[in-house]
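Construct the complete structure from the given sequences, taking the supplied hints into account.
Protein chains in written order, with the numbering used here: chain A, 1 to 364; chain B, 365 to 728.
There's no promise every hint is true.
[What the hints assert, rightly or not] Just a few of them, taken from the derived set where beta-carbon distance is under 10 angstroms, the chain B residues facing chain A:
1) A389
2) G398
3) S400
4) G610
5) R694
[Stated by the list, open to error] Here are the computed lysine to any residue pairs in the SDA-like style, where the Cα-Cα straight-line distance is at most 25 angstroms:
6) A:K45 with B:V369
7) A:K110 with B:Y603
8) A:K234 with B:G697
9) A:K285 with A:D295
Keep in mind the hints are simulated off the structure, nothing from the lab.
Every residue, glycine too, gets a C-beta built ideally from N, C-alpha and C.
2 protein chains.
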Amino acid sequence: MNKRVYNFSAGPSMLPVAVLERAAAEMTNANGTGQSVMEMSHRSKDFKPIIDHAEAMLRELMEIPGNYKVLFLQGGASLQFPMIPLNLAVREDGKKQKVTYVDTGVWASKAAEEASKYAEVRVAASSKDKAYSYIPEAPAPDTEDVYYHITWNNTIVGTKWNKIPNTGSVPLVADISSCILSEPLDVSKFALLYAGAQKNLGPAGVTVVIIREDLIKKVPDWIPTMLRYEIHAKEGSMYNTPPCYGIYIIGLVLDWMKEQGGLAEIERRNREKATLLYDYLDQSKLFRSPIRKEDRSLMNIPFVIGNADLEAQFVKEAAASGLVNLAGHRLVGGMRASIYNAMPKEGVLALIDFMKQFEAAHRS
Amino acid sequence: MNKRVYNFSAGPSMLPVAVLERAAAEMTNANGTGQSVMEMSHRSKDFKPIIDHAEAMLRELMEIPGNYKVLFLQGGASLQFPMIPLNLAVREDGKKQKVTYVDTGVWASKAAEEASKYAEVRVAASSKDKAYSYIPEAPAPDTEDVYYHITWNNTIVGTKWNKIPNTGSVPLVADISSCILSEPLDVSKFALLYAGAQKNLGPAGVTVVIIREDLIKKVPDWIPTMLRYEIHAKEGSMYNTPPCYGIYIIGLVLDWMKEQGGLAEIERRNREKATLLYDYLDQSKLFRSPIRKEDRSLMNIPFVIGNADLEAQFVKEAAASGLVNLAGHRLVGGMRASIYNAMPKEGVLALIDFMKQFEAAHRS
Chain A
1 MNKRVYNFSA
11 GPSMLPVAVL
21 ERAAAEMTNA
31 NGTGQSVMEM
41 SHRSKDFKPI
51 IDHAEAMLRE
61 LMEIPGNYKV
71 LFLQGGASLQ
81 FPMIPLNLAV
91 REDGKKQKVT
101 YVDTGVWASK
111 AAEEASKYAE
121 VRVAASSKDK
131 AYSYIPEAPA
141 PDTEDVYYHI
151 TWNNTIVGTK
161 WNKIPNTGSV
171 PLVADISSCI
181 LSEPLDVSKF
191 ALLYAGAQKN
201 LGPAGVTVVI
211 IREDLIKKVP
221 DWIPTMLRYE
231 IHAKEGSMYN
241 TPPCYGIYII
251 GLVLDWMKEQ
261 GGLAEIERRN
271 REKATLLYDY
281 LDQSKLFRSP
291 IRKEDRSLMN
301 IPFVIGNADL
311 EAQFVKEAAA
321 SGLVNLAGHR
331 LVGGMRASIY
341 NAMPKEGVLA
351 LIDFMKQFEA
361 AHRS
Chain B
365 MNKRVYNFSA
375 GPSMLPVAVL
385 ERAAAEMTNA
395 NGTGQSVMEM
405 SHRSKDFKPI
415 IDHAEAMLRE
425 LMEIPGNYKV
435 LFLQGGASLQ
445 FPMIPLNLAV
455 REDGKKQKVT
465 YVDTGVWASK
475 AAEEASKYAE
485 VRVAASSKDK
495 AYSYIPEAPA
505 PDTEDVYYHI
515 TWNNTIVGTK
525 WNKIPNTGSV
535 PLVADISSCI
545 LSEPLDVSKF
555 ALLYAGAQKN
565 LGPAGVTVVI
575 IREDLIKKVP
585 DWIPTMLRYE
595 IHAKEGSMYN
605 TPPCYGIYII
615 GLVLDWMKEQ
625 GGLAEIERRN
635 REKATLLYDY
645 LDQSKLFRSP
655 IRKEDRSLMN
665 IPFVIGNADL
675 EAQFVKEAAA
685 SGLVNLAGHR
695 LVGGMRASIY
705 NAMPKEGVLA
715 LIDFMKQFEA
725 AHRS
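This is how it looks when you write it as structure tokens:
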């Protein structure tokens with residue numbers, strides 16, 4: 001049996017080993033119920049404390065104000081792309097309303113494209129001109145906008161917003177899939193936040209939506225029941241069977257975060273890990289970061305050599321050394337180290353050591 | 365620590381303990397990869413064999429013909445309720461097309477209601493007149509029907525179809541959430557079968573869709589990308605991150621089924637378990653089955669006393685004896701024993717023993 005590897009996947013990715021060990025220990029009998037969490041009726045007294053705990057921990061760690069609902073849904077961020085305009089922008093009379101998107105990468109662009117089916121989308125700014133290697137200035141919203149959408153951390157290219165755009169009274173919506181709980185974020189500045197679980201929260205198959213209550217309203221009849229925030233909010237994420245086991249794992253991950261010292265300590269570690277890697281990249285004669293310094297992600301760190309053969313060799317040799325999933329996204333190539341909350345500092349140090357050896361061997 | 369209970373929940377429900385033990389053993393390091401399946405990138409060489417295996421096992425055990433696609437989706441059967449009409453019945457010109465539904469219970473009725481947003485629904489028969497306690501004769505389809513929908517096993521009331529309706533050239537669609545792989549079913553007689561995983565397949569959060577390839581086609585632009593069979597089929601259920609861990613557990617459950625002797629042996633056991641319980645009910649002076657004999661489910665067996673206080677006492681005392689989740693669905697009351705594939709014969713015998721004792725104590 002191999003030992004555990006350092007997994008730099010962009011998601012699904014590493015989970016804290018303490019969480020996995022606890023899940024394994026509780027697998028056939030959780031909390032003395034004589035059942036696995038996978039086997040529990042979602043409407044039973046055994047499961048209720050589990051979903052309530054996950055929500056309470058998320059509220060505590062993110063400091064979510066009381067006038068926001070927390071929903072545990074399915075379908076990933078990709079299903080939020082249509083749900084957001086369907087719930088926030090569609091009128092009974094069918095008139096398309098205005099929304100603003102900022103294009104900072106592939107996912108931001110997909111979100112805007114899906115929204116254009118249901119709303120009049122204005123892409124107010126884009127960093128596509130420089131391969132999404134920076135975050136553009138946020139233009140003011142249109143006064144008629146019903147919402148304004150940004151992608152806070154861009155998983156593929158490794159950028160993140162460092163300032164919350166001031167959209168005045170226009171509701172600000174953000175995809176925080178790849179950075180949720182990586183550092184503090186002022187939830188009260190947003191109207192809706194959403195995140196697929198499979199980076200910092202738990203396994204794939206759960207989507208967290210945090211929505212200000214005044215945005216939850218009845219929508220036109222033609223919109224599928226399962227795509228309505230109103231229904232899921234009213235039913236406490238139990239309109240139908242939720243992804244129970246994933247919600248349980250999220251609760252364990254949030255417990256682990258609190259045990260580590262909470263979000264302040266997690267942020268300290270994330271900054272330390274990212275700084276180690278960026279500092280190495282910035283002085284390397286072989287590797288470099290393609291991303292503008294002030295917009296660099298703490299979670300996803302792409303780097304390049306500029307020689308596709310050598311990059312392929314690097315990824316292959318790193319994997320053989322227990323540093324896996326370092327290939328860049330298939331759309332951009334190069335390398336990418338995703339260093340989410342569960343990646344220990346030792347993993348980043350091992351990567352840097354390996355990069356130094358590789359650089360020594362291949363600097364011409 | 366309590367010992368394992370017999371869990372009669374309608375879903376999520378019992379899983380084979382051998383599957384849970386294997387999942388626990390592999391939790392921090394699956395197949396020598398140094399990762400949990402929860403941590404694997406869905407596009408990695410580590411995960412590919414896992415999803416391929418789950419599909420291959422499903423094809424083998426259900427004998428799915430080669431001209432059907434198998435999709436692993438999210439959102440439960442409830443998201444299939446709109447997806448089926450959106451993919452099969454919506455035309456570019458907006459003209460509503462005809463579809464037929466047979467109303468055999470709450471879920472059948474919800475499916476029809478959701479479809480009525482997108483199609484001209486004819487509810488051709490219903491057993492609502494007798495509290496859904498039987499399966500009605502299946503009327504012929506309308507010649508203009510684009511599909512014909514039935515709910516093969518009705519989880520809440522405990523009925524099931526015993527004969528596949530002859531719909532001629534009209535595609536037959538069936539919800540088999542609560543009976544998939546409980547006994548052989550001729551897939552070739554159906555155009556589309558769908559099932560939430562959380563009864564006979566695995567944990568909640570995965571939906572299996574088995575669809576004949578000729579029904580997969582481009583749909584109008586306004587339909588959300590995530591709700592299109594065309595997209596999921598083309599991308600091999602990887603348009604976005606699938607619910608990887610649930611798919612892995614499904615594979616383990618299907619391995620277990622094969623080890624037990626395959627579907628023929630599973631069916632034999634299911635018939636034996638259900639016969640034991642129905643035979644007891646039919647001679648009891650306290651309990652009775654409200655369901656017409658020829659339409660009784662093998663999976664969900666409701667029974668009543670006809671005295672709500674005594675029924676509540678039964679459910680409570682049974683739970684104290686390690687026989688849990690025997691309350692009937694909140695909409696119908698009484699009791700219900702769901703005895704899916706993973707419920708051992710010993711669990712049914714323990715239930716019958718307990719019922720006999722309760723009957724002896726409470727027959728006036």
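Could you work out which of the previously given hints the structure breaks and list their numbers from low to high? The structure conflicts with no hint, since it agrees with every one listed earlier.
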